[in-house]
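Participant: Listed below are the residues making up each chain.
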Amino acid sequence: MSHRVVAIGLGLLFGFMISWGHFTDPDEIREMLLVQDPYLWKMFATAVAVAFAGSRLIRGRRAWLVRERVSWTTTPPGRHHLVGAVTFGIGWAVAASCPAPIAAQLAQGVWWSAFTFAGVAIGVQLYQRGRAGAPHVDAGPDTPSEVTAGALPAGPSRRGGRDASRIRATAASGS
Amino acid sequence: MIDALAVRAPWYVVGVALGLVVVAALLTINQRIGAVGGYSDIVDRLNGRSAGLGWRAWFLFGIIGGSALFVMLGGGTGAQDGYGWLTRALGDRFELLAAPILLLAGILIGYGAKTAGGCTSGNGLCGSSLGSPASLAATATFMATAVATTLALSLVA
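Protein chains in written order, with my numbering: chain A, 25 to 199; chain B, 15 to 171.
It is possible that part of the hints are untrue.
Stated by the list, open to error - Simulated pairs of lysine to any residue, SDA-like, Cα-Cα distance not exceeding 20 Å:
| hint | chain 1 | residue 1 | chain 2 | residue 2 |
| --- | --- | --- | --- | --- |
| 1 | A | LYS66 | B | LEU34 |
| 2 | A | LYS66 | A | PHE76 |
| 3 | A | LYS66 | B | ALA158 |
| 4 | A | LYS66 | B | SER64 |
For the record, the hints were derived by calculation from the structure and aren't laboratory data.
Only chain B is shown next, with the shape it has when bound in the complex (with noise of 0.2 Å):
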């Protein structure tokens, strides 16, 4: 166990190794890293679109792994039982609708994501440190609008 790993990290350490796994990426292999490439991987695979799994699909378990390291370490989330804010909104009454409105919420996530060629990491993160204009206008469109959704739900819930 190590004890550093029960608080949050500070941001700057989280900043520096995340930007640094988007430069290793483009050092080792010369690609861009992104988390929705990965889940394209594993439909195609199962949908016989492709032969075998891209190397963003063994990204995506990678992270799968990472996390699982980090809890087995000693890690400290923060998350409590239940989806945080949600299941809190709705009660133990309509607990059970979370599960709907997540399975809703990841439909909107992965086709938006897709639709605009990438997620918070291929366009946020990525496309935006390459200075791409499509990624930078898609981060700033997402977050605003995630900004403004999550206000007005919070005025509601």
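This is chain A alone, in the form it adopts within the complex (with noise of 0.2 Å):
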């Protein structure tokens, strides 16, 4: 419960930024893409800086809402991240959108955008479909493969879940 309420405040909060940053506009994405509108690489770099100090000031600490400390594991590129990201390069210039403009563009009256949700849904279910006969180790819905966050039990130090957080294996799984 404590998870769906904070995916929900912070999804608002997420929807809501993108949205008045005009992220949810093709043309705005165009212009970033043919390098003429340096606003959105701005922002994406302030995003990553901020997101990047933060999380080192928090690695370790206490979850609040779960009896955990704040971790995460990572992983070497693999063929299929770079396979997957050409992949997606070219999806998302085509549309000029990616997953999270593309469910915010609904809200906003873009109904061409209904094309574009119903085709990332097609294909995540043929992804889905793909891994489905094939042997893998799935660490859950909500573990994504890059990172790992979470299921570090809540110890007495900060120094605690660091060194833990070095040794726990990745596991593999899709986001």
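Now that you have both chains on their own, put them together as the hints suggest.
Facilitator: Structure follows, in structure tokens:
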């Protein structure tokens, strides 16, 4: 329940801000990708910088709503990351939109995005179907492949969280 | 109505807010945000592969709600009639072709994001800020691909 409430709240803020930043306008995204408008590049860099600094500040602290310390593990890049990224990049360029803005466009009455939304769902379904027969380790529906966050029990010290996070195995699954 | 919402927010305001969303997800529920994960949760629920919706689906619903709230408060999205450059390039005569084109683009986005382990938010924003080599490689690749594809499309459309 706490996950759901937090997710809705953070989603509201995320959707509001990408709308205010005109991330939902295909023409703005196209200008960004044509390197004609630095706005979205600067915005993106700022967001990464803030998240980078903030995540380091809270790493090892106890998360507020779960009995875990804030932690994550990472994995090295594989061929599937690059193949998937090329596929994603082509789709992003054609639609001039990506999954979060596509959803936000629906709420703004951009009805063309219903086709993109349906396409994303079909693409996810095709991926899931392809994976269904393949052996893999599934870390759960909430666990992405590149960075696995969470599931570390809260201990008495911040150092314990950091050290434990280094040795945790990272399971592979789709986000 | 809030007048400030009628024009695009300064880039640093949006950037700081989105960065804080990543940090807040870690600090509260110790999870990494990602929009395509919400689509996965919905697809899995519809297929009966999961008994209920995961938190990422609710994050996606929140995004839709936040966008609706923005418009209700008088926000200007900058979006025009049609679908921007695509429907303009197709013209009135071929405008309906935008539907299959966007459907196909969406399939590439969904399949590609799942294969790459995340989308612009999951890999680009969150994974990169957490220092994931896989996310950094994926982000650099999809951004370079998108820029190259857009430049190529601009030559023909």
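Participant: Now look at each hint and say whether the structure bears it out.
Facilitator: Status of each hint after checking the structure:
no., hint, verdict
1, A:LYS66 x B:LEU34, "holds (16 Å)"
2, A:LYS66 x A:PHE76, "holds (15 Å)"
3, A:LYS66 x B:ALA158, "holds (16 Å)"
4, A:LYS66 x B:SER64, "violated (39 Å)"
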